[in-house]
Structure formats: C-alpha cells, structure tokens
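Student: As they're listed, the protein sequences go chains A and B. Just so we're aligned, residue 1 is where the first sequence starts under my numbering, counting upward by one. Just so we're aligned, residue 1 is where the second sequence starts under my numbering, counting upward by one.
Errors might be hidden in some of the hints.
[What the hints assert, rightly or not] Straight line, CA to CA, 25 angstroms or less: simulated DMTMM-like cross-link-like pairs of lysine to aspartate or glutamate:
#1 B:150 <-> A:223
#2 A:199 <-> A:181
#3 A:301 <-> A:223
#4 B:154 <-> A:353
#5 A:23 <-> B:205
#6 B:55 <-> A:43
#7 A:23 <-> B:240
#8 B:55 <-> A:55
#9 B:10 <-> A:223
#10 A:192 <-> A:220
By construction, these hints were calculated from the structure, which means they are not laboratory data.
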Amino acid sequence: MGNIFFVDGDGACAMAAIRAGCKFFAGYPITPASEIAEYMARELPRVGGVFVQMEDEIASIMAALGASWAGLKSMTATSGPGLCLMAEAVGFAAMTETPLVIVDAQRAGPATGAASKPWQGDLIQARWLSNGDYELIVLYPYSVQETYEMTIEAFNLAERFRIPVILLLDALLAHARERLEVPPKLRIVERKRPPRGVKGYLPYAPDPEDMVPPMASFGEGYDVKVETTTHNEAGSPKSSDPLVHFKLVKRISDKVRIKEAEVARADTAWIEDAEYVLIAVGFMARIAKVAVKELREEGVKMGLFRPITIWPFPREGFINATSRAKKVFVLEMNYGQLCRIIKGESAHKPLVELNWLYFRPPSPDEIKELVKGEV
Amino acid sequence: MRALKELKIKREEVVVVSGIGCTGRITTYLRMDAAHVLHGRAIPFALGVKLANPKLKVIVIGGDGDILGIGGNHLIHAARRNIDMLVIVVNNGVYAMTGGQVAPTTPKGCRTTTSPYGNVERPFNVVSLASSAGATYVARWTTAHPLQLKESIKEGLTRRGFSLIEVFSQCPTIYGRLNNLNGAPAMLRLLAEKSVIKKGIRPEEAVADWGDTIVCGVFVNKVEEEFSERIRRVTDEGRDNNRG
C-alpha cells in the first residue's frame, strides 16, 4: 500500500507533478488554480526545482517552454481566462514540438465569469485553442486519486509525443479534499534524446518508429533550433515552401493520431445490458454514477460512460457502450459542449442533451428528475 | 559574433532568442543554440531558459515593435527582476516587416502607412524606460557606431544582470522612403551626424530624435543582485531544509 494523504485536487496535481519529475513551474495567480502555484512555490525548491511567478499567463507559458528546451520537465497552471491568453503559445508548443503540461482548473465563463464557481466550459477551448492544425491531448480526471494519476500521465504523454498536454480540473475537484493513496511504483517517461556526440543533429527529423524527433536541450552543443515559422527538419524557416508545410503539419498531427486508440481512455459502469446510457465527464460523472445506481435499483436499465481523455475522444469505447442503447443522454455543466464533441467524433446516435446551467452541481435526485419521462 | 569571439565564449554556452520582425530573423542565420519564438515573447522564453540552466548566457535580439510594443510588459518586468540577460533592441522606428506601420518608437509627426498625416503619438525613450524599470546596464548606440556597440555587447555578456542596448537603426525601404530620407547611406550619415556621445548624464536626459539629436553612450552600469542567483539560493536553502 502506498502513502495515504487527505488533499484537494490542486494539491494532488502539484504532488504528482513533482513525482513525475517536474522541475520548473511558471504561473500567474488565478482562481481556482492558484493553490497549484502556491504548492509548487513551496515544494519545488526542496527538490532542486525552480518556481517563478510571471507578469501574466503569456509570460508564464513562454517561460515554461523556454525551461523545457533547457531540458527540464515543465508546467504551468491556470483557469479558462488565463488559457485564453496562452492560446498562441499552445500553438507554438505544438509547432516547435515542446513538451509541456498545462493545468486548466475550469471556472464559469465566458470572460471573467464567476471565479470560484464550477463549470465545464473549456472542453472545446482546450482542444481548439490556437490557430492552424495540430494535435494535443486533453485529460479529465473525476477524483483526487485520478487527478494524481492523470497528472503523471500528462507528463508522460507530453514527453513521449513532444506536445502540450492539458489537464482539465473542475473547480469543485480543485478545492475538494479526498483520500489519496500515492502508488509506490509509477511509470515515469523521459523524453527521447539524440545519441551523444551525434554530428549534424536535426531537431525536427522524425524517428521512423513513432514520428517523434529526439529532442536535444540548449547548452549541449547540438545547435538546437527552436523555430516558430514553418520549418524543415533542420529547423530552418521555409515559409514559402508548400511541401515543407504540408509535411510538417501532417506529421505534428499524425504522430498523435496514429496512437489515438492507445491514448484514448474511458470508464464505464453497468454498461453490459444497458438500455439507456448516460454520459458525463469530471465530477459530474461522480454524481451521475450515484443517480445511475439508484435508477438501476428502481428497475431502469441505465449505464454510465465516462470519457477520461476528452481529446482524443474515446470513439471506439463510445460506440461499443452505446450501440445497443435505446437512448443516450449527455449530462454536462455547460450549454452542450460535450454533445458537440460527441457529434463531431461519432455521429452514430442521436443524443439527449441535459445541460445543467447552475453554479451548484445537481444532486442525484435532480439528475433522475432530468431523465424521467425519457426512460 | 565578434564580441563572442573576442571574449572566447564557446558557442554552446550561449542561447540567442528572438521574436518576430526584421531583426527576429537573425536567429535563423546562426550556427548555435537559438530560438525564433512568438512575436513579443522572446524575453519570457529567455527567462525560462536562464532560470532552468543558469550556466547559459542568454541574448535576446529584437526590434522595437517586438520588444517595446507587443512585448513591452515583459521588458519592464525582466528589467525589474534584474535577470541576467542581454537584450539588444534594434530600433528602426517602425513596424517594418508588416509594411511600415506606426510603432511605439516612431517620432512624433513622422509618416508611416498607419499615420499617413503624421504620427500623433509620443514615442518611448527606451533608455529612460529600461533604466526606470530597473535595468542595471543601459546603453544606446546607432548602426554608425559598430565599435562602441561591440564593446557594449561584450560588457553585457560578461556582467551579471539585466543589460539593455538600444541600437538606432535605419529602415531605408519603408521609414526612410516615407520620410524622404534618401536611402540607406544617407540615413547612416544622418545617424552619424545627429548622434552625440555623452557621459555622466541621467538616462531621462538621453534624448533620441531623428530630427534633432540622438544621445549615445552608456547611461546605467551598476551592480545589483541578479535574479537567477537569488532563485538558486532559495533552491539551495530549500534542499538543505529538506535534508534537515
């Protein structure tokens, strides 16, 4: 058994980041993510890492990306309005293939919205943040325990694919204390590096195995080129060469797409004989689980499907879970974002939209009330 | 490059970071670690590099639009922190790469494509801005002062702290053409004629105006505790506490 803690989601996230080997954090205060920065400010120096509070979110993410190129596992944490400011830099991270973990503890928007109120409003923002075509991975835990495990996973995926990975938290989960059992053993992935002393290192030449180029750091004598404009394998700008652009855009997307089935994750409950399927993510799935269990006891054959990766969307799991269902409900604390994602990713079933647009989450009874009349 | 050679600094000890603009393209010509990053964001990227690996010498090169316009906030905060980096602002007074729009450094009354009736805004005085934000080394030269500029670059590379060098430069193709300055050689002559080297004056007295005088020289050069060292000390103390 591992060590037991009683912590909130922000704390579990920060603890896991340090466990994953994060050595650099740059951030700007914002509710409900500030506690992650506070934890990192306190703990990073103890493990030889660096914490810095920057002048805004743009500076935060840029500093984190600079640190990543200097060889450190690196992270920033924010909420939706801060993520808006990071938009261009997320595209820059994708374009320059820089590993980075971004935590987005969501709050009610748009704009300043309601700082400390829960809302699941960043599901689409997280994915389609920047201009152009690129892939990133978005993870969405539903408990403090899973927040710890998903944070480790976020670092592993960022380093493995050389991409930005976004971890979505709910305001409720960020500030809710729960039992956390820290696993004694964990798989920690380090970025692939070029062979020592290699001549003529090409920072963007894909490994034929997985399309991900080995990454050298500054200061090692590799003449590393970080290049934001369309570039060839050497990192030289080629913004008027359509073939170079075509190959680059395709590769930075395909390196993730070819592993989509492996990366995509979902959780199910009572799905085998389900006539109705309820879909929910994050903390909403926690409450939905109670409602579904009670409906089962009342004789309604309902099951639960919970995407853990929002992007890539667990398409296959979704089709398997819903193909026999009479009706599919999507319960979310926003005005239909998950519904749009599902429709775009897998249009095989009509969906019943259940949009909960209040600051407080619904009770299991209220969820049952919403589906009543439909089952 | 000459400054690096004369100081015998190995190229793997240096990282050059630039943003977007005519000057930003410089990183793509260098055979060393270099980053060509987002418009205006060279300074925070460079700060991340320096804090992650304080052994590296970090140089930021950018234009006035990049560093003073879109990146102005980062400039003043990096100066305030006194992070060890050398920032070279090549000031041509105009957004040149995008076709010659008015910049925060365009002299009052000058014509650009977005100030066709003359610039109605006041320009930044870079020297005074950087020094009041806390930069510990501030100098100004023009492209007509290559030797003094090289010496300043050497100074910036060897001292520890936030160093800013403003380089008044010509943009003959756009700025010069719109303001009847008759091409590059004439503009370079004009820079040489208008510039005056002054010693021992306050940074806010270092005026810079194409139409009048461009005061050149070193205006700030002082020693204060540097940011990455201070952070490193916190980390070392943190480690010790962890052991204890």
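Student: Does each hint fit the structure? Answer for all of them.
Tutor: Hint check results:
no. : hint            : result
1   : B:150 <-> A:223 : 23 angstroms, holds
2   : A:199 <-> A:181 : 46 angstroms, violated
3   : A:301 <-> A:223 : 62 angstroms, violated
4   : B:154 <-> A:353 : 65 angstroms, violated
5   : A:23 <-> B:205  : 44 angstroms, violated
6   : B:55 <-> A:43   : 23 angstroms, holds
7   : A:23 <-> B:240  : 17 angstroms, holds
8   : B:55 <-> A:55   : 24 angstroms, holds
9   : B:10 <-> A:223  : 12 angstroms, holds
10  : A:192 <-> A:220 : 15 angstroms, holds
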